[in-house]
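Take a look at the letters that make up each chain.
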Amino acid sequence: MSSLLVISLAAAAVFAIAALGELLEQRAGILNVGLEGVMLLSGTFGFIASKTSGSYLQGFTIAILTGALVGLLHGFFSITLGSNQVVNGMAIWILGFGLTTYIGYPYTGPLGLKPFPTLGGLPTFFVVALVLAVAIWFLLFKTHLGLELRSVGENPSVAEASGISVTGMRYLAAVLAGMLVGLGGAVYSLVYNPVWSYNYLQGWGFIALALVFFSLWNPFLVVVGAIFFGILWQLSLYPELLFPNIFSRYIWRAMPFVITILVFILLSTRWFRLRWGATKPEALGIAYERQG
Amino acid sequence: MGGDGARRIVLEARGITKRFGTVVANDHVDLTIRAGELHAILGENGAGKTTLMRILFGELQPDEGEIYLNGQRVHFRSPRDALRQGIGMVHQERKLIPAHTALENIVLGHPKKRPILNLKEAERDAQALCERYGFRIPLHAKVWQLSEGEKQIVEIIKELYQGARILILDEPTSVLSPPEIVKLLESLTNMAKEDLAVIPFITHKLPVVLEYCDRVTILRRGRVVAEMETRQATEQTLASAMVGREVMLQLERVEVPLGEPVVQVQDLWVRDDRGLFAVQGLSFEIRTGEIFGIAGVAGNGQEPLAEALAGLRPVERGSITLSGRDITRAPVLERWRQGLGYIPTERRDVGSIPNLSLVDNVLLNYHFEPELSQWGVLATGRARALTERILQEYSVVAAGPDAPARSLSGGNLQKVILGRVLSRPPRFLIACLPTHGLDVGAAEFVQQRLLDAKREGMAILLISEDLDEILALSDRIAAIYEGQFTGIVSAREATKELVGELMAGLRRERV
Amino acid sequence: MRAVIGSYTIRIERRADLRWWHTVVASVLAILVSLFLVGFAFLRAGADPLEVYREIIAYAFVSSFGLPQTINRATFVLLAAFALIVPLRAGLWNIGMPGQLYAATLAAFGVAYAFGAKASVNAQLNGAIVIPLMVIAGLIASGLYGAIAGFLRGRLQVNEIVTTMMLNWAMLWIVAHMIREGGPFMGRTAEGEGFTLPTAIRIPQILGLPLTAYAAVLLALVLTWFLAKTTLGYRIRTFGESPRAAEYAGIYATRISTLVFTLGGMFAGLAGFHYFTGVPGVYKIPKNYGEFADFSFYGLITGLIARNNPIAAIPVAILFGGVSGGARFMQGKLRLAFGIDYALLGVLMIMMVAFQALAQYSVRIERVVTAPARQVGLERGESRVESPRH
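Chains as they are written, first to last, in our numbering: chain S, 1428 to 1719; chain C, 7 to 517; chain Z, 110 to 499.
If you're looking for bench data, these hints aren't it; they were derived computationally from the structure.
The structure displayed is predicted, hence computed values, not measured ones.
Check each hint, because a few of them may be wrong.
What the hints assert, rightly or not - From the derived model, a few chain S residues whose C-beta atoms are all more than 12 Å from chain Z: (1) L1492; (2) N1515; (3) A1518; (4) P1542; (5) V1558; (6) V1561; (7) L1638; (8) A1681; (9) E1716.
What the hints assert, rightly or not - Calculated lysine to aspartate or glutamate pairs in the EDC-like style (CA-CA distance at most 16 Å, straight line): (10) Z:K338 / C:E377; (11) S:K1569 / C:E377; (12) Z:K396 / Z:E475; (13) C:K502 / C:D474; (14) S:K1707 / C:D474; (15) C:K101 / S:E1709; (16) S:K1569 / C:D474; (17) C:K148 / S:E1709.
A virtual CB, placed ideally from N, CA and C, is assigned to each residue, including glycine.
Sequences are here, hints too, so could you generate the full structure?
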């Protein structure tokens, strides 16, 4: 049972790190629905780098770099060109999923490295996720940079009038987010489930996106939600632990997706939607054009 | 306040000239601002005030002319640059972030800041400023919770906190109720005592200028036509200087015998987007041929009331009756069929669809009508004919019925909306800020049409922030304050002072 | 934005009005550049990309085997494109076509199963009764599957991108349950694929193409008419342009949302129905059903490239149907790694977004001319004026 918890936390780390990245970006007003694509690209390139070099460090570095570049790309389309952020996100997703299917195929199979070390019995990256949550909370609410970032996401013209470069802030957010999401993708493909296969990410990127919406843009709620989904996922993979012999294993694999939707429905009470409307960064997803 | 010679000159503009193409917006404008004075700049729309203001606070570069700050020649490359040198600007439209606290807004973008946000220290400094100038603002409240007057003070504090010694205020009194105006001007006078210089740009409130300001510069067609001490001026001299001639715009008052009640609202309670009660137990009725005006500062419940009547916002408690039928929970189309018409405040976001053609926009009010939608198919021919008729009847300047709505000016768009709503004459019309943002000609047209509709027996609910308009058009006026009526007066008894006080909640009459 | 290089000024500005042919040029460029980039994969395999594309075109659009395959794939893509287009006209994103198409497929095969179709390929069934029932079952199932996402979006503002994606994955596992390891629809060979449809209830063909291919083209016309000329179409478009204005006009979010997702789901369902009951050589839920789920995303791109225009989607769908099929064929021939058509999909999408975005800007190169100052005709107070845009 405790090993179930440990694996759940490992899964939670993936969800949390990726979602924290997107949270940061959304606070600055940028919406990236293509998290799945970013994670696929960073996870695949990281996997290839690790497999060929035998080193975790190289894999993570390449993954974070990939994430930063993809974040930059998304930023370029969304900020400088000002085109529809949802379309851009879709493009990133399909680019990721299309390209990595082709590029990753020759590397199908296990990573083959020694398992990544744990930290006092806990998955290392879960601890990393916790540290990141605190760091992001501190950044957003206790620093000037964070205040400026948030103001750019709420009302860019006011921010601009106050002397803040909206473009600069948003690019910063996009690249940082890309790095975090890339890290999340690498944690999946190098640590949590170090096997490359066609469609290996199973929609986790979209779940991370959902997490950001659920969390009301609060880093700590992201972690809580991630833990919940981590446990949910393990149960779906090993239902025998709680529910022996009901349903075929395929139906169990379908469960987390159904439950995600149910969670959405249950959470969408009037109270929640009011709070959600109030905390949502007002300028989220809206392109900003500098006046004059 | 001491004599002129005692005060030093802090800001001087000489020969400021700015052209846009062939238009000369500022023509060799001179301006002299002294420390400790409230110096008003008056002028009609298009007189060049906005351009001058933008040059003074660094947003525009003059083509000719110089600016001297405390005797030194200065050159502002940007508003931030101007602020760094001590000139702050408070815009007509709020530039605050509603979701953040007052303090967070004050601190945002401070030129000399350290990475870690030290709100305690900021609070101390901001609090000191408040005490010095007599402001009372809850610094930890979220801006959306503050009143319009308080929001404006927050912006002023922000500029002062970030180093402004000269404040430029653009139409500071336009969204304030009369008592709030008094409060603001008193604060500005206090600031002037502390040796700051304040430049309010005010268009219409001549009495305010006379009472509170020390000097006034008047612009007309880009040139300075007068500069005087207010001691030596009267409303008449100021107005004639502004306009250059006698201007009287009078609408004919229409006296129409009132008929049966068409609309009855009983004890209405409506929540706003945050879940709080914006409308608290309102009751009133409107008869045929009557214009019922609601006067109030924005944000006191008028919009939620209009939306609830139109069917766009749920009613928590109470009832709405139209021609004897209860429409409290009726869907929008049902209400339209019963004879309700609605002109929303937001022309471009709610009242029309910018990217679609005028025909498609007209259909917004007609897509369910049997003549225009037969067996689920649109009768596009008839829709076009209707649109063309509206364009003609309402003298709309547009490329044609297929032109996209965004190609129309505000005034013409409003005419189309008015035309489309009135073409199937409703029994009850809700008009929200119908002349907001329109130029004089278009505004007059719209007001005349409303009076025509009244003459034909329509019951009209008029919501407006223009007190003059309400006084001119309404038969009865209700003042709304924090979701309740503080008084309902007939047009005959209504004066601007009375309604102003009711609007600000300073007085309550028996309703 | 302005850059000065030597005596030239380069101005990059947002276009004031975007003509339709700007977007057409952008789409064409996107397609060409994507094909060019994917050509590198062929180069790496030691083949000449031009030669490869020539073979692809010959295979997909000329050969007697390839052409019908292209049309069948194109029909699938086209119907999937409609599944995107209808909700997108209402401003909503339906990326649930994989789930919806399999909902319909399972329902259709369910009807067949109920009639005892699993028993044998030669089962004597009355096609005239069973096939329409299969269609209806499929439409209901896929319509409902889509409606879930639409309803949740309209009523509770639950993000439709996430819900449709979750529904996709759920359905894919349900399909696995049905056709693998002893599931009810498992085929004879027990190799993880579904049972084969009896000849009697396969979709009839005309001129070598299943009826569904013709139906798809017809539906393109019907859909165009529906959106432009009917009241419902008007309401959908209005809602898509401005939900607030639509609300003002009495057009409600929940109803529109549910409606467009039901329609979208049905179109996706038809795609599934077409491919698995109408394409020769298939007639069952295949082992690689996951790849068809992915293939339906070509419909997403098609819809976007065709700018939400159902008729414009036809040539695009044919192009993608052919090229993706041809690329697969060449992948086998050149022994390339799996997934060349996926790579093409990915590159196409990003290129399309890039070019559509770039089409919004015009680039003008001007030669800066310095003219001598002229004093003729200037009155006092006037001076030379340049024209800033204010």
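Here's how the hints hold up against the structure:
Interface exclusion of L1492 (chain S) from chain Z stands, the closest Cβ pair being 18 Å apart, more than 12 Å. A Cβ of chain Z approaches the Cβ of N1515 (chain S) within 12 Å, the least distance being about 6 Å, so the stated non-interface status is violated. Its closest Cβ contact with chain Z, about 4 Å, brings A1518 (chain S) to no more than 12 Å, contrary to its assignment away from the interface. No beta-carbon of chain Z comes within 12 Å of the beta-carbon of P1542 (chain S); the shortest separation is about 27 Å.
For V1558 (chain S), the requirement that its beta carbon stay farther than 12 Å from each beta carbon of chain Z is met, with the minimum near 27 Å. No Cβ of chain Z approaches the Cβ of V1561 (chain S) within 12 Å, the least distance being about 27 Å, so the stated non-interface status holds. Distance to chain Z contradicts L1638 (chain S) as a non-interface residue, since its nearest Cβ pair spans about 10 Å, not more than 12 Å. The claim that A1681 (chain S) lies off the interface is violated: its Cβ sits roughly 4 Å from the closest Cβ of chain Z, which falls inside the 12 Å cut-off.
Non-interface status of E1716 (chain S) relative to chain Z is broken: a Cβ of that chain comes within 12 Å, the nearest being about 8 Å off. Straight-line distance between C-alpha atoms of K338 (chain Z) and E377 (chain C) comes to about 15 Å, which keeps the hinted pair within the 16 Å bound. Distance hint between K1569 (chain S) and E377 (chain C) is unfulfilled; the C-alpha atoms sit about 62 Å from each other, more than 16 Å. As the CA atoms of K396 (chain Z) and E475 (chain Z) are separated by approximately 60 Å, the hinted pair breaks the 16 Å bound.
A C-alpha spacing of about 8 Å is found between K502 (chain C) and D474 (chain C), which places the hinted pair at or below 16 Å, so the restraint holds. Restraint check: the Cα-Cα separation between K1707 (chain S) and D474 (chain C) comes to about 39 Å, which exceeds 16 Å; the hinted pair is violated. The suggested pairing of K101 (chain C) with E1709 (chain S) holds, with an alpha-carbon distance near 14 Å, which does not exceed 16 Å. Between K1569 (chain S) and D474 (chain C) the alpha-carbon distance is near 48 Å, which puts this suggested pair outside the 16 Å criterion.
Restraint check for K148 (chain C) and E1709 (chain S): the C-alpha separation of about 15 Å stays at or below 16 Å, so the hint holds.
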